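*Asks:* As they're listed, the protein sequences go chains A and B.
Residue numbers for the first sequence follow UniProt numbering, beginning at 1 and rising by one.
Residue numbers for the second sequence follow UniProt numbering, beginning at 1 and rising by one.
Honestly, the hints are just simulated from the structure, not real lab data.
It should be emphasised that the depicted structure is a prediction, and the values quoted were computed from it without experimental measurement.
Be a bit skeptical, because a hint or two may be false.
Said to hold, decoys possible - Derived lysine-lysine pairs resembling BS3-like cross-links, with alpha carbons at most 30 Å apart:
1. B:K177 x B:K124
2. B:K256 x B:K124
3. A:K295 x B:K256
4. A:K295 x A:K167
5. B:K88 x B:K177
6. A:K178 x A:K167
7. A:K294 x B:K88
8. A:K178 x A:K294
9. A:K295 x B:K88
To be verified - Which chain B residues stay away from chain A? Per the calculated CB distances, all over 10 Å, these:
10. F153
11. E157
12. F165
13. A192
14. D224
15. L349
16. D408
17. M484
Using N, Cα and C, we set each Cβ at its ideal position, and we do this for glycine too.
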Amino acid sequence: MPALQTLTWSDTWYLAPEIVLSIAAILLAVVDLFLPKRINRDVIGWLTLVGLIAAAVFVVLQLLSLGSGAPTDSSPGAYNLLAGSYRIDDFGNLLKLVFLGASAFIVFSSLGTVRDEDVPIKGELYYLILPAVLGAMVMSSSGDLITLFIGLELLSITSYVLVATRKRSRISSEAAFKYVVTGGVASAFILYGMSFLYGVTGGTNLLALLKEITPALENYEALLYISFFLMIAGFAVKLALAPFHAWAADVYQGAPTPVTAFLAVVAKGAAFAMLYRIFMNTAFFTMGTEGTMKKDIFLGLTVLAAAAMIVGTVGALRQRNVKRLLALSGVANAGILLTPLALSLTEFHASLFSEFLYFLIAYAFMNIGAFSVLTIVSRDSGNESLTGFAGLYHRAPWTAAAMTILLCSLAGLPVTGGFFGKLFILFGTVQTHTYWLSAILLVTTVVSYAVYFAFIRQMYMRSGALDSGLRMSAPAAITIWICTLATLALGFLPMPILDWIDQIFSIPTDLLLRG
Amino acid sequence: MLDNLPVLSLIAFTPLIGALIVLLLPSARSQWLRIAAIIFTLIPLVLTVWLFVCYQPSIGGGVFTEHSTWLSIPLNKEGFKEGILSIKLGFDYHMAVDGISMPLLLLTSIISTMAVLASVHIRKRWKTYYALFLLLLTGIYGVFLARDLILFFIFFEVTLIPMFFLIGIWGYFGREKAATRFLIYNGLGSAAMLLSFLILIATLGFSSVDGANGSSLLFSGNYDVLLSNLTNPNVLANMDTEQARYFGIYLSDNMKWAAFILLLVAFGIKVPIFPFHTWMLKVHTEAPPPIVMIHSGILLKMGVYGLIRFAVFLFPEQIQSWSTVLAVLGVINILYGGILACVQREFKLVLAYSSISHMGIVLLGIASLEEVGLQGAIYQSVSHGLISALLFLIVGSLYERTNTTRLDELGGLAKTVPFMSGILLIGGLASLGLPGLSGFIGEFLSFLGLFGSMKWITAIGALGILLAAVYVLRSILNITFGSMPESFAGMKDARFIEALPMIILTALIVLLGVYPSIMTDLMQHGFTGLLEQLQTRMGG
Numbered sequence: 001m002p003a004l005q006t007l008t009w010s011d012t013w014y015l016a017p018e019i020v021l022s023i024a025a026i027l028l029a030v031v032d033l034f035l036p037k038r039i040n041r042d043v044i045g046w047l048t049l050v051g052l053i054a055a056a057v058f059v060v061l062q063l064l065s066l067g068s069g070a071p072t073d074s075s076p077g078a079y080n081l082l083a084g085s086y087r088i089d090d091f092g093n094l095l096k097l098v099f100l101g102a103s104a105f106i107v108f109s110s111l112g113t114v115r116d117e118d119v120p121i122k123g124e125l126y127y128l129i130l131p132a133v134l135g136a137m138v139m140s141s142s143g144d145l146i147t148l149f150i151g152l153e154l155l156s157i158t159s160y161v162l163v164a165t166r167k168r169s170r171i172s173s174e175a176a177f178k179y180v181v182t183g184g185v186a187s188a189f190i191l192y193g194m195s196f197l198y199g200v201t202g203g204t205n206l207l208a209l210l211k212e213i214t215p216a217l218e219n220y221e222a223l224l225y226i227s228f229f230l231m232i233a234g235f236a237v238k239l240a241l242a243p244f245h246a247w248a249a250d251v252y253q254g255a256p257t258p259v260t261a262f263l264a265v266v267a268k269g270a271a272f273a274m275l276y277r278i279f280m281n282t283a284f285f286t287m288g289t290e291g292t293m294k295k296d297i298f299l300g301l302t303v304l305a306a307a308a309m310i311v312g313t314v315g316a317l318r319q320r321n322v323k324r325l326l327a328l329s330g331v332a333n334a335g336i337l338l339t340p341l342a343l344s345l346t347e348f349h350a351s352l353f354s355e356f357l358y359f360l361i362a363y364a365f366m367n368i369g370a371f372s373v374l375t376i377v378s379r380d381s382g383n384e385s386l387t388g389f390a391g392l393y394h395r396a397p398w399t400a401a402a403m404t405i406l407l408c409s410l411a412g413l414p415v416t417g418g419f420f421g422k423l424f425i426l427f428g429t430v431q432t433h434t435y436w437l438s439a440i441l442l443v444t445t446v447v448s449y450a451v452y453f454a455f456i457r458q459m460y461m462r463s464g465a466l467d468s469g470l471r472m473s474a475p476a477a478i479t480i481w482i483c484t485l486a487t488l489a490l491g492f493l494p495m496p497i498l499d500w501i502d503q504i505f506s507i508p509t510d511l512l513l514r515g
Numbered sequence: 001m002l003d004n005l006p007v008l009s010l011i012a013f014t015p016l017i018g019a020l021i022v023l024l025l026p027s028a029r030s031q032w033l034r035i036a037a038i039i040f041t042l043i044p045l046v047l048t049v050w051l052f053v054c055y056q057p058s059i060g061g062g063v064f065t066e067h068s069t070w071l072s073i074p075l076n077k078e079g080f081k082e083g084i085l086s087i088k089l090g091f092d093y094h095m096a097v098d099g100i101s102m103p104l105l106l107l108t109s110i111i112s113t114m115a116v117l118a119s120v121h122i123r124k125r126w127k128t129y130y131a132l133f134l135l136l137l138t139g140i141y142g143v144f145l146a147r148d149l150i151l152f153f154i155f156f157e158v159t160l161i162p163m164f165f166l167i168g169i170w171g172y173f174g175r176e177k178a179a180t181r182f183l184i185y186n187g188l189g190s191a192a193m194l195l196s197f198l199i200l201i202a203t204l205g206f207s208s209v210d211g212a213n214g215s216s217l218l219f220s221g222n223y224d225v226l227l228s229n230l231t232n233p234n235v236l237a238n239m240d241t242e243q244a245r246y247f248g249i250y251l252s253d254n255m256k257w258a259a260f261i262l263l264l265v266a267f268g269i270k271v272p273i274f275p276f277h278t279w280m281l282k283v284h285t286e287a288p289p290p291i292v293m294i295h296s297g298i299l300l301k302m303g304v305y306g307l308i309r310f311a312v313f314l315f316p317e318q319i320q321s322w323s324t325v326l327a328v329l330g331v332i333n334i335l336y337g338g339i340l341a342c343v344q345r346e347f348k349l350v351l352a353y354s355s356i357s358h359m360g361i362v363l364l365g366i367a368s369l370e371e372v373g374l375q376g377a378i379y380q381s382v383s384h385g386l387i388s389a390l391l392f393l394i395v396g397s398l399y400e401r402t403n404t405t406r407l408d409e410l411g412g413l414a415k416t417v418p419f420m421s422g423i424l425l426i427g428g429l430a431s432l433g434l435p436g437l438s439g440f441i442g443e444f445l446s447f448l449g450l451f452g453s454m455k456w457i458t459a460i461g462a463l464g465i466l467l468a469a470v471y472v473l474r475s476i477l478n479i480t481f482g483s484m485p486e487s488f489a490g491m492k493d494a495r496f497i498e499a500l501p502m503i504i505l506t507a508l509i510v511l512l513g514v515y516p517s518i519m520t521d522l523m524q525h526g527f528t529g530l531l532e533q534l535q536t537r538m539g540g
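With the hints as constraints, model all of the structure from the sequences given.
*Replies:* As structure tokens, then:
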């Protein structure tokens, strides 16, 4: 066991994005406290945006300094800090960029859109995003179970507060309470599972775990089974995978729309990052007696993915509240996002991370875009039901067109980012001969047409109660258009981003921590 | 001068450019929008006619082929220890034309032009209508031209979205239900197709190029690559070895059958083959007439084209052992459609069921696996496309005047609208297969092709001609003769803009009826390769 390493000055450069975010969070909390009431809290929002962008710049600088591909002497590929408990590698950096970018778009689109009557503590809504993203970043960048769990808790606890920021709304408080309870239970499951891992291997560091897990298997196979399935259950709650998804619809509905988007994209992505970190470095190496254990664990994940797709899609069919509908569509999409990991890593299926990341990026754009449209539409119509979209084509044809493209992407129709993301993941299922999962993915996708085209029916084929044009704030409009164009660009030109991921991402250095 | 132009891309994408231009025009100027839409429908028509003139059957469409790499998705190669330079998932932008797609391209360009002319009856939201109409055309042209599986799939899917809108916004009373049903049924078909395509890409599409430093592996979606790999014994997909099985590249017989049946379902929904036909009845009755012209005239033929291009050419063994099944399905289509068409009270449903019946004849042509029969299948597709487009054109114009298409509410129209009634009669006669009109040739060739191998099935199928005579004459005589309701007394006959497409379609139907070699010459070499392959398989 190496002596506990302390943080040196040179390490602070590698931790710059995280440090920037923590300083910004503390500063903004103080500013919010002393800023006179009459000043619009959108100022805090702009400053939050600056903090997020500054952190993203540092991440990009590190990505460049890490170099590309397999490690060489000049570009080591990854840095271990604090005895390997924190890792700066391409896996973490790519995901951090997604989290920071998504949060920046979410904050930007809510500037001037979130109303004081709805969220009386608007300043907090903005600056609490910072520690939440910080938690997500820790989750994507740790090589130790304890650090990973701290990241998870930082993200979770901040999210509980964020959900409750609609202080005067009863459903918001109810949602926050539900979220605290289920989220807490989930954390407990994960922690309990981790404790078994610690118990049989004697370590929390993923690298150490890796070495100890094979000998431990001989004596404690049953305990490891319990450990992994407890963790799977915990993560399934965090990811809102069926049948652990019941909280999602209530929480998404109760939270302010920007927070809903944050939960759907960043919180979900971060839980996936942690799942990749832990499972690719432990479960992937559990051969067990006759290799059954590894098979069982990944089969468990596959079944969860399939269940999420089915339950999410079927549930969304009956929803008329848009936020609940998108929550259930998020359940189905979580199943799709889980698929590459669940198919595990083989010679011919080694692209699991680029499959996952590409769809995550597409998913982030289409969700943030759709939630931004929803924010504007529901503010105008006064409710969050599907009928609020009625006649949108007549009132705001361009917004309706943008929403149509975003919905096509959610439905996986060409030529959009959602289409290519799904195609890429589907090809993985075909390559690994997991045809039953391909079939479920395809059939649920087709059924989801009915879900998403219900919006289109409302927008184009019904007449709404309102005739006036749609009032829209400039940041929201810009966000919607960037998301729409990005969705199209991901569909028409998927190559640049896939080439880029292929160039910088390397399985041995960035995903498997061996050696 | 024209030789250097990428003609095929121009055909496929001028409608898309047209759609964007239409979107930029002011929405109140309906005349501008209409003229722009007509221009951008005419350009592909001119180009396809030019293509037709230049096309030489003996050398195929080789000179027009456009081929470039479109996507080359890097797959992670670190799963292998060493010796692998790259693994790519490659999709090509590959457009080509041959004797099978040429007639269908011509059909598309002609019917789309007639449909855009027939869109005078569209009363609202012209801008969106014409933009979607043009987008739909890009999808259809792309389907007939694309030679990469994924490119084909994308074009196939692109037709779904505009069709959903066109049915759902401009249709009749039950339009929204019809649109949703169309979307879900065809979506399921596309899903089956995609799964089948991906199975093929992941096995037959695999190739490995060995170099000095290592191998470059490629999963290709190119149709030509798949077709040549199919008969190449040195391809990993055809080798039942330990290695091929371990990597999941080997295309076993079971997988072949699964992929084949998936394709049969996918295109069977589109054709439609009984029992996958319920969605198309709704579309026939609820969609606006110009869109039904496209739907019945062209979209159903995408199913036929897909069946021949993929199910027949890529799975010759499977189609051969299932030829009887296909023929029986064809006969069921013929009789089911024919009998139900006889008892309908709604003229549009008579036509819908007659479409099912006529598509059954196409299936018989395919099931024959003889040159004559396959030519007959394509011929019948084109002929039925022209005839049903003509009939629905008249239906649209009649509905504008009478506000009904129910047979018991119509009657005696020969007195007030003699021209339209006359054309309706010609269309009906072509539909029942009167010699001298195009329907006869298509049916004759299909039956002739099948007669050699399956005499009894052909005989039963030929009963369909009898049924056609019954339902066509019953409904058309009911409309044109008999007692006329008083409200129809002051009706005006077709205006010039309505009459023009009717005359053109009628002329083409007559032309194909009296001079069939104008089209059969085109297809002469289209099936040679396939038939040779079938012959060798049967011999060996």
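*Asks:* The structure should be examined with respect to each hint, and the outcome stated for every one.
*Replies:* Here is how each hint holds up against the structure:
Taking the CA atoms of K177 (chain B) and K124 (chain B), the gap is near 20 Å; set against the 30 Å cutoff, the hint holds. A C-alpha spacing of about 49 Å is found between K256 (chain B) and K124 (chain B), which places the hinted pair above 30 Å, so the restraint is violated. Taking the CA atoms of K295 (chain A) and K256 (chain B), the gap is about 27 Å. The hint holds against a cut of 30 Å. In summary, the hint linking K295 (chain A) to K167 (chain A) is not supported, as the alpha carbons are separated by about 47 Å, beyond the 30 Å threshold.
At most 30 Å may separate the alpha-carbon atoms for a hinted pair to count; K88 (chain B) and K177 (chain B) exceed this at roughly 42 Å. Only pairs whose Cα atoms come within 30 Å are accepted, and K178 (chain A) paired with K167 (chain A) is accepted, the gap being roughly 15 Å. At most 30 Å may separate the alpha-carbon atoms for a hinted pair to count; K294 (chain A) and K88 (chain B) meet this at roughly 28 Å. Only pairs whose Cα atoms come within 30 Å are accepted, and K178 (chain A) paired with K294 (chain A) is rejected, the gap being roughly 34 Å.
For the hint pairing K295 (chain A) with K88 (chain B), the CA-to-CA distance comes to about 27 Å; that is within 30 Å, so the pair holds. Annotated as non-interface, F153 (chain B) brings its C-beta within 10 Å of a C-beta of chain A; the closest such distance is 8 Å. The beta carbon of E157 (chain B) sits about 5 Å from the closest Cβ of chain A, which is not more than 10 Å, so the claim that it is off the interface is violated. With a least CB separation of 7 Å from chain A, F165 (chain B) falls inside the 10 Å interface cut-off, contrary to its annotation.
Not every Cβ of chain A is farther than 10 Å from the Cβ of A192 (chain B); the closest lies at roughly 8 Å, contradicting the non-interface assignment. At the 10 Å boundary, the C-beta of D224 (chain B) stays outside the reach of chain A, the nearest C-beta of that chain being 20 Å off. Listed as a non-interface residue, L349 (chain B) keeps its Cβ farther than 10 Å from every Cβ of chain A; the least gap is roughly 24 Å. With a cut of 10 Å on Cβ distances, D408 (chain B) stays outside the contact zone with chain A, its closest approach being about 31 Å.
Distance check on M484 (chain B): its Cβ is at least 36 Å (rounded) from any Cβ of chain A, clearing the 10 Å threshold; non-interface status holds.
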